[in-house]
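Make the full structure from the sequences, and use the hints.
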Amino acid sequence: MKRSVFTATSALALALASMVQAGPEAEVLHWWTSGGEAKSVAVLQQEFSANGGTWTDMPVAGGGGDAAMTALRARVLSGNAPTAVQLKGPAIQEWYEEGVLANISSVAEAEGWDKVLPASIAAHMKCEGQWCAAPVNVHRVDWLWANAEILKANGIAMPNSWEEFNTAADKLMAAGVIPLAHGGQAWQDATVFEVVALGLLGPEGFDKAFVDLDPEMLGSDQMVAVFDQMRRMRGYVDANFPGRDWNLATSMVMNGEAAFQIMGDWAKGEFLAAGKVPGEDFLCASAPGAGFLYNVDSFAMFDVDGDEKQAGQELLAKLIVGQNFQKVFNLNKGSIPARVDVAMEDFDSCAHLSAAEMTTSSKEGSLLPSYAHGMAMRGAQSGAITDVVTAHFNSDMSSADAVDMLVAAVANSL
Amino acid sequence: MHAWLERQIPKMVLAPSFVAILIFVYGFIGWTAWISLTRSKLLPKYDLYGLIQYRRLFAAPRWDTAMDNLFLFGALFIGIAMALGLLLAILLDQRIRAEGVLRTIYLYPMALSMIVTGTAWKWIMNPGLGIEAMVRSWGFESFSFNWVIDPDRAIYAVVIAGVWQASGFVMALFLAGLRSVDSEIIKAAQIDGIPGWRIYTAIILPSMAPIFLSAFIVLAHLAIKSFDLVVALTGGGPGYATDLPATYMYAMAFSRGDIGQAASSAMVMMGVVFAIVVPYLYSELRAKHV
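Chains as they are written, first to last, in our numbering: chain E, 1 to 414; chain R, 1 to 290.
Note that these hints are calculated values from the structure, not bench results. Some clues are possibly wrong.
[Claimed, not checked] The calculated lysine-lysine pairs, modelled on BS3-like cross-linking and capped at a C-alpha distance of 30 Å, are:
no.	chain 1	residue 1	chain 2	residue 2
1	E	K152	E	K276
2	E	K126	R	K122
3	E	K363	E	K208
4	E	K115	E	K309
5	E	K318	E	K363
6	E	K126	R	K45
7	E	K309	R	K41
8	E	K327	E	K363
9	R	K122	E	K309
10	E	K208	R	K41
11	E	K327	E	K115
This structure is a prediction, so every number in the text was calculated from the model and none was measured.
Here is the structure:
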């Protein structure tokens, strides 16, 4: 009885609401609040309004999304989920398992998402075969950035193997230049680690270790070699690195204090904002080794009641993967479109390289999720691995000990 | 009726806050205890799985570091802040000029939040910008003070900032204690020709025992709940070298979606607090009943 009264009143409320404002509605929870990012979201907002929708913005800044996730948890527990939420990677599946995600397969099929998205990225957007999220962009993580002038002055080419990187770095050390600009924060340590791991383990080994979490691969001699290389990288970093923010490390490369940085393509935004020209002032190249590590931002669609909200959800999903938004957004953000059929003329040379390599690596099966940026596994596991990586990088722990710890930590986090 | 009302009013006034504390303190302690026995990940779940979260917790090297840091930080922070506070209080107690100004200066750090303290000391102790760079620019090229970036010493850097913040407050406590000692006894001792340091060690300090206990309790709970200081000063780093149980719990609950693990670490933290506070309460309550 109580329930039917409740349904009746809510139906009445909905009827009243739809009389006031018909048309699609969407409430969007995201943490794109800084300059360039906020501009990128505004693009989506305008497009949504232009199509007759009512957009309710719910930006939650802070903690690299931690604060937004806390807000989301509270909203979901109180049974009032937002229409769409900025979520990525396995977190989408994690929320799906809580039974709160919507099915947007009808839009995805009508729009032919399967044909335009690389298969491994599309897999993240599906929950047990149904589409439940829409991808926004592809950030490449395994980039090597360099100061063109320093490399030229020291007669160094962009390295194609880690051996070459080490030789170049030793030469730079001797010349009194900091070889590697790095910030000692756990996620940055993890970023360097996964790029080294992709180079030394190869795409297949990386997949086994960080997607399947295969204990044999995690405890292998190859993994020992990865930690050995990390120890060498530690020697190429200046003494003052702990706690440094990534953009400060980028400006070290810009100012000629350091030669290289290993960082995702958001670093490009820093170079461009400082008026540097790719290919002339700074160089971008894929880090030594085959493969492509992606970090894909996406919006997960939550189960909502009411025709307006569902219509809003479908419109939002359609616009997000639409060609126009994919292009404008990614020009603002420094990443590349997730769909492969967007015209790339307006993008810079680094983005061209990224897009070309994404297509080839997708064919070769070496298009892999970034573990350091929460694409390859769940928070508890990636956190456990990062703990080991950062403990090794910031101490004199031996590589063999680090590998033992790695295996134990992953087992303990499952 | 009037008499009845008079008897009941205190209970009625206290009842709302009593109920609020019952729910929001003890109720949620119970809820956390329950969650710590489940396999809750992103959202709380209520199926019990025994002590699995505690086994995971004690198998995690990062938790070991956090607990070691808590005891190291706690012991040094409490010890140094009390010693320094006492020394400052005794020096200020010598009837010096401008005591009021000095007292305010020493007490002032307490008015800052830990975040401000942490951020300021982060730059002061940064080797490239702070003390080390300054002394080197004076010509002492070999001078080195890089604790904040050295994984083995970073926790001591946290102690320095914490002591700076708290010792003025401890000084104020002790100064009040020193002033409350009966001056007749001190005068009598002086007439008997007892040296100054003996007056302190044999008469004044023993009579200040309750103040020591209060200072200890205040500092101990500051140490256990330290979170903002570490977050602002080192961010738990280098690596996780300066992690404390509170930062560990935060990471598990809010960054990693591992609520069960966070709940179990919260329960262990509460155990540590109880181990310190319960004996204190016991001694306090017993003393009053005698």
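Now the hints, each set against the structure:
no.	hint	in the structure
1	E:K152 <-> E:K276	holds (16 Å)
2	E:K126 <-> R:K122	violated (44 Å)
3	E:K363 <-> E:K208	holds (18 Å)
4	E:K115 <-> E:K309	holds (27 Å)
5	E:K318 <-> E:K363	holds (26 Å)
6	E:K126 <-> R:K45	holds (24 Å)
7	E:K309 <-> R:K41	holds (28 Å)
8	E:K327 <-> E:K363	holds (23 Å)
9	R:K122 <-> E:K309	violated (48 Å)
10	E:K208 <-> R:K41	holds (24 Å)
11	E:K327 <-> E:K115	holds (18 Å)
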